[in-house]
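K.L.:
One letter stands for each residue in the lines below.
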Amino acid sequence: MSNLLNVTSAPHVRAKDDTQRIMLYVILSLVPAAVFGIFNFGISAAVMIALSIGSCVASEYIFERIVKKKSTIKDLSAVVTGLLLALNLPGGMKLSYWWMPVLGGAFAIVIVKMLYGGLGQNFMNPALGARCFLMLSFAGVMTDFSNYKGYADTFGGATPLATIKNGGLESVDLTRLFLGNIPGTIGETSALCLLIGAAFLIVMKVIDIRIPLTYILTFSVFALIFGGHGFDLTYLAAELCAGGIILGAFFMATDYVTCPITPVGKIVFGVCLGLLTGIFRIFGGSAEGVSYAIIFCNMLVPLIERFTIPNAFGIVKEKKEGKS
Amino acid sequence: MTPDSATERLYNGIVKENPVFIQLLGICPTLAVTTSAINGIGMGLSSTVVLTLSNIIISLLRKVIPDRVRMPAFIVVVASFVTLVDFLMHGFMNSLYQQLGIYIPLIVVNCIILGRAESYASKHGIVSSMFDGLGMGLGFTLSLLFIGGVREILGSGAFLGFQILPLAADGKIGYTPISIFVLAPGAFFILALLVVIMNVVRANAEKKGKPLPPAQNSCLADNGAIQESNDPKVKQAVENIKAKSAAREGGK
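In order, the protein sequences belong to chains A and B.
Its first residue numbered 43, the first sequence is counted upward by one per residue in the numbering used here.
Its first residue numbered 3, the second sequence is counted upward by one per residue in the numbering used here.
None of these hints come from the bench; they were simulated from the model.
Do not rely on the hints blindly, as some may be mistaken.
[Claimed, not checked] Here are a few chain B residues that sit away from chain A, every Cβ distance over 12 angstroms (derived from the structure):
1) T50
2) R72
3) A75
4) D88
5) V110
6) E208
7) V240
8) A248
[As the list claims (entries may be wrong)] As a list, the in silico BS3-like pairs of lysine-lysine whose alpha-carbon atoms are at most 27 angstroms apart:
9) K125(B) x K65(B)
10) K210(B) x K110(A)
11) K209(B) x K111(A)
Using N, Cα and C, we set each Cβ at its ideal position, and we do this for glycine too.
Take the sequences, apply the hints, and build the full model.
P.N.:
This is the structure in structure tokens:
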């Protein structure tokens with residue numbers, strides 16, 4: 043039968059994009075950061091990344107076997123979750139903590155994703171959910187950045203973000219922050235590699251610029267006003283390049299499932315993220331607040347979407363009765 | 003088992019209508035105090051005492067209490083016993099009292115206790131009401147012990163205060179406590195997982211042709227409390243609702 047006679051229901055024009063292809067793009071965009079993490083932190087980073095991805099894929103497969111559902115590991119979303127989780131683990135973690143990414147991966151997939159119905163149904167970013175689970179459970183290991191072997195001399199074990207928070211802004215070298223030769227989590231240190239990946243995602247139209255842009259802008263304004271350094275661009279650049287804000291803004295806040303789908307909602311979401319991250323970083327007890335800000339805002343998403351539904355084309359809003 | 007007999011009431015409270023796992027009542031203390039098994043037992047037993055005694059008194063007074071003010075009357079009875087338990091625990095078990103804190107006075111508003119007063123004790127004799135309270139209380143205690151035990155083992159490797167899993171300290175191989183399970187989020191995870199397991203067990207029992215008998219005299223049973231009320235206004239309201247829903251059904 044000719045294609046012309048092949049009657050199907052709408053949509054008739056299809057893009058080639060499917061979940062698998064989009065997830066592949068996300069993985070590709072994270073490769074520079076992951077490779078730099080391995081270069082920066084050594085073999086343990088590679089082991090943690092492999093274990094985390096393996097654990098996520100295996101738990102998805104096993105869970106779907108147990109509940110007798112079709113296996114969805116081929117859509118690569120579990121690989122993305124595992125990779126993001128690993129990039130959020132502290133660099134230079136000892137190999138004797140090999141079980142931590144395994145446990146975190148299983149938690150991310152089984153509790154945060156599959157129990158809510160699988161990909162598309164989870165209300166919270168699985169990788170960040172698992173990171174916070176590990177953070178609350180093993181705070182000591184998860185905030186221990188002292189095993190950094192690279193070019194360590196200046197920072198003495200603390201992340202640059204903690205150094206800045208404790209008033210050591212002068213000792214922070216911006217070039218190193220941008221390139222990533224600093225202690226931190228495996229994937230967050232190199233702003234350069236992350237920005238390369240983010241640019242790739244934006245060019246391929248995988249992510250929408252609205253969320254990261256409003257997030258970073260709001261945070262910048264907040265930091266300039268309340269950061270206590272006045273209008274100091276060095277401080278702002280250090281706050282942006284150190285810590286996980288770039289990783290969070292471009293790769294985790296933009297997760298399709300857990301961010302608003304409405305255009306206005308995305309802007310509201312970004313503003314909320316920026317405000318919360320600013321509050322957590324500047325007024326909170328800990329130096330970092332990106333992951334808590336993102337999972338908190340994930341929970342606001344249904345509310346944001348409800349108030350930002352765009353008007354359907356051709357429908358005129360009824361004017362409010364009363365004063366006329 | 004004959005309805006309303008002592009064994010039936012105990013079985014009903016502990017298994018069939020377990021207040022935590024089946025009825026999901028009293029979730030606030032359940033989540034808050036089960037950081038360890040011993041806290042769970044303490045909370046459960048003090049609730050059991052209050053529940054049993056208040057069921058007895060309310061059953062005794064059930065023909066005297068006017069229908070319209072039954073709620074305040076129940077609250078007064080329950081609150082008296084809670085005050086007693088509160089002072090006794092403060093005097094004789096101070097460390098446990100400090101651990102449970104505000105949740106002891108809050109037994110007053112525990113919905114299991116008011117629920118049993120409303121749906122059972124105010125309609126049945128003294129002996130069966132007493133066993134109803136005892137059964138529900140023991141069901142609550144066992145559930146709290148169970149949840150608290152699982153949380154304590156996972157969260158600190160101990161049970162009832164005894165270290166049963168060797169801890170991984172100073173480079174030794176052992177168990178690293180997953181401390182989220184003694185924090186608030188862990189309570190939700192464990193409660194949810196245990197309810198899932200209970201539901202799977204029930205579903206399997208029903209599949210094998212041994213369904214658990216339907217609930218009777220429970221808060222779950224089809225608005226029984228409202229329909230059986232003697233207040234003419236409430237009766238009228240119930241009639242109205244019934245007539246409306248009947249009309250709606252007829253309209254389809």
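K.L.:
Compare the structure with each hint and give your call.
P.N.:
Verification of the hints:
1. For T50(B), the condition that its CB be more than 12 angstroms from all CB atoms of chain A holds, with the nearest at approximately 33 angstroms.
2. Even its closest Cβ contact with chain A, about 39 angstroms, leaves R72(B) beyond 12 angstroms, as expected for a residue assigned away from the interface.
3. Under the 12 angstroms C-beta cut-off, the non-interface status given to A75(B) relative to chain A holds; the minimum distance is some 41 angstroms.
4. Residue placement check: D88(B) keeps its beta carbon more than 12 angstroms from all beta carbons of chain A (closest about 32 angstroms).
5. With a least CB separation of 32 angstroms from chain A, V110(B) remains clear of the 12 angstroms interface cut-off, as annotated.
6. No Cβ of chain A approaches the Cβ of E208(B) within 12 angstroms, the least distance being about 19 angstroms, so the stated non-interface status holds.
7. The beta carbon of V240(B) is kept farther than 12 angstroms from every beta carbon of chain A, the shortest such distance being approximately 35 angstroms.
8. Non-interface call for A248(B) relative to chain A: holds, since the shortest CB-CB distance, roughly 35 angstroms, exceeds 12 angstroms.
9. This hinted pair checks out: K125(B) and K65(B) have alpha carbons roughly 9 angstroms apart, not beyond 27 angstroms.
10. For the hint pairing K210(B) with K110(A), the CA-to-CA distance comes to about 20 angstroms; that is within 27 angstroms, so the pair holds.
11. For the given pair, K209(B) sits about 20 angstroms from K111(A) by alpha-carbon distance, which is consistent with the 27 angstroms threshold.
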